[in-house]
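These protein sequences, in sequence, are chains S and V. Here our numbering is used: the first residue of the first sequence is 407, the next is one more, and so on. Here our numbering is used: the first residue of the second sequence is 61, the next is one more, and so on.
In short, the hints are calculated from the structure, not lab data. Among the hints, a few may not be true.
To be verified - DSSO-like, lysine-lysine: derived pairs with alpha carbons at most 30 Å apart:
hint	chain 1	residue 1	chain 2	residue 2
1	S	LYS466	V	LYS251
2	V	LYS277	S	LYS466
3	S	LYS466	V	LYS273
4	V	LYS252	S	LYS466
5	S	LYS466	V	LYS118
6	V	LYS251	V	LYS118
As a plain string of letters, each chain reads:
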Amino acid sequence: MSFEWIQLAYAALTVFIVINYGLIMTAVVQKIGARVGGRYGIPVWQNYIDLVKNIALRSKISHGVMFYLGPVFRLTGGIGLLLFVPTIYGSVMHQNFAFAGDLILALYFVFFGTLGMALGAGESGHPHAAIGVSRGLAQVTAAELPLALAVFAISLQYQTLSITEIVAAQQGGIFNWTLFTNPIATLAAMFALVGTMMRAPFDVVVAPQEIPIGPPTEYHSAYLALMQTNRVLFPVAKTVIYMNLFFGGASNWAEFAVKVFAIYMVSVLVGVVHPRFRVEQSIRFFLKWGLPVGILAILVV
Amino acid sequence: MKDIDKSFRKDTETEFPLREELRPRSVTAPDGQVIEIDPLQDYFCQEPPKVHKQSYFKIVEDFYNWARAHSLWILGFGTGCGAIEMRPLMTPRFDAYRYGIQWRPTPRQANLLVISGYLSVKTLKRAIRAYEQMPSPKYVVGLGSCTINGGMYWDSYNTIKRLDDYLPVDLYIAGCMPRPEALLAGFMDLKKLIRKGKAEGANKYAENFDWYKANQKSVIKDWDMPDYNW
Ligand code: SF4
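Pulled out of the complex, with its shape left as it was, chain S reads as follows (with noise of 0.2 Å):
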């Protein structure tokens, strides 16, 4: 692959869009959960002033190195995951840094930032933080796996690890999905999806409805902003991958922006009718259900 220094202005760009997408997004699926609960919900600017408010506190206290490092890791993270995969298949500017070895990487990065979580959080010294962090990796390590199974499967099923050749190969018309040419895999990926995505019932290490908030405990001002990013940044890049992987990619924004919400729309739809499973419970769910269907959707292939 060939580098050129235009390719940075292009995917600060990228970067761009999709934090602004993910800002508008997640306020108007708060807003539509809201309306589902019988309240007006929040402006679908909220998340601006959340933003800026974060930014604009006076006082900030630090607990370390490693404390500065934990939110920075974790956006790292999600801008790594996204600017690794093509975020639009076939254009020049958002094709980012796509590379032939691009699926394994991006497998990495979704575990990236929680790693560089669990060691801000443990150092902030609060046991809410540590606790939440050890289950939250506990949860998400589980929740992995089927992704994990699913990934090898396809990547089996089309004879490679560059994401941008397994948008190629399902061009042309809905029924070259892999949803439809596996949907075995698919199937396994999904449980990964409503599992990692920090929403109900999968949320309860992040709940700031829950007594103890997990991980981000300590966390305040300009911290917090950084993590507020990522929590919006995150999601769209995860379900960028799962929208090159099984449903076709996208060939422009307007694509993009549709499918996301809908694949976003799946782990939501999901949270608002299940209650929220302690991390055991979930860990047991993953390993009962996710595990034999990734391991199904191998041997399928």
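Chain S is already provided as a structure; the job is to place chain V with the ligand on it using the hints.
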């Protein structure tokens, strides 16, 4: 005005023993090393609060104040009877979320401490700690007549009367108990104060730190925490 008359004053002469977990002690680590621990010194940052300047440009500060006003995060901390009036605000009937108000579980992420009613001396201690852990600018709202002048607990031996003596209150909501509508109206007034840049309670607290501490210590009998706990 002092809260507690002579007979109930804090007895400053007798020493109250520290709670056991706060006493200095030496611990032997698994590798045989002996470590001296003084919890009050080691576990807390004792730096007194600073006065934080406003932003240099007025327009920036105005913009920030606008954002602060529209994103009020309340610490989920209920003290008196009034706490029960805060919950309806989350429900479809009142829905405070549409004004950018939400509840956060940790003081680090909250800007607004609602003292929702009478404050017993024991709870005052926790309220002070929670308040001091919040990042500035932070606001305090006193809910109900108990926070204004003691209300029906005027004669009580164990509650404080004027909240303003212990924490810098930005706004009182009168009533016993105020309805959720009154709370919402109060929050709207608080927003106006913040937008005008008048809600500088955190700086007031820092400037008059000694006065506040003296007041707090005059009622809290077993002061077993650092003077300022982050
Ligand atoms: S003002 Fe009335 S309702 Fe509120 S805490 Fe006091 S006694 Fe209870």
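Do the hints match the structure? See the list:
1. S:LYS466 x V:LYS251: Distance of about 23 Å is within 30 Å: holds.
2. V:LYS277 x S:LYS466: holds (27 Å)
3. S:LYS466 x V:LYS273: Roughly 22 Å separates the two Cα atoms, so the pair holds.
4. V:LYS252 x S:LYS466: holds (25 Å)
5. S:LYS466 x V:LYS118: holds (22 Å)
6. V:LYS251 x V:LYS118: The hint holds at about 18 Å.
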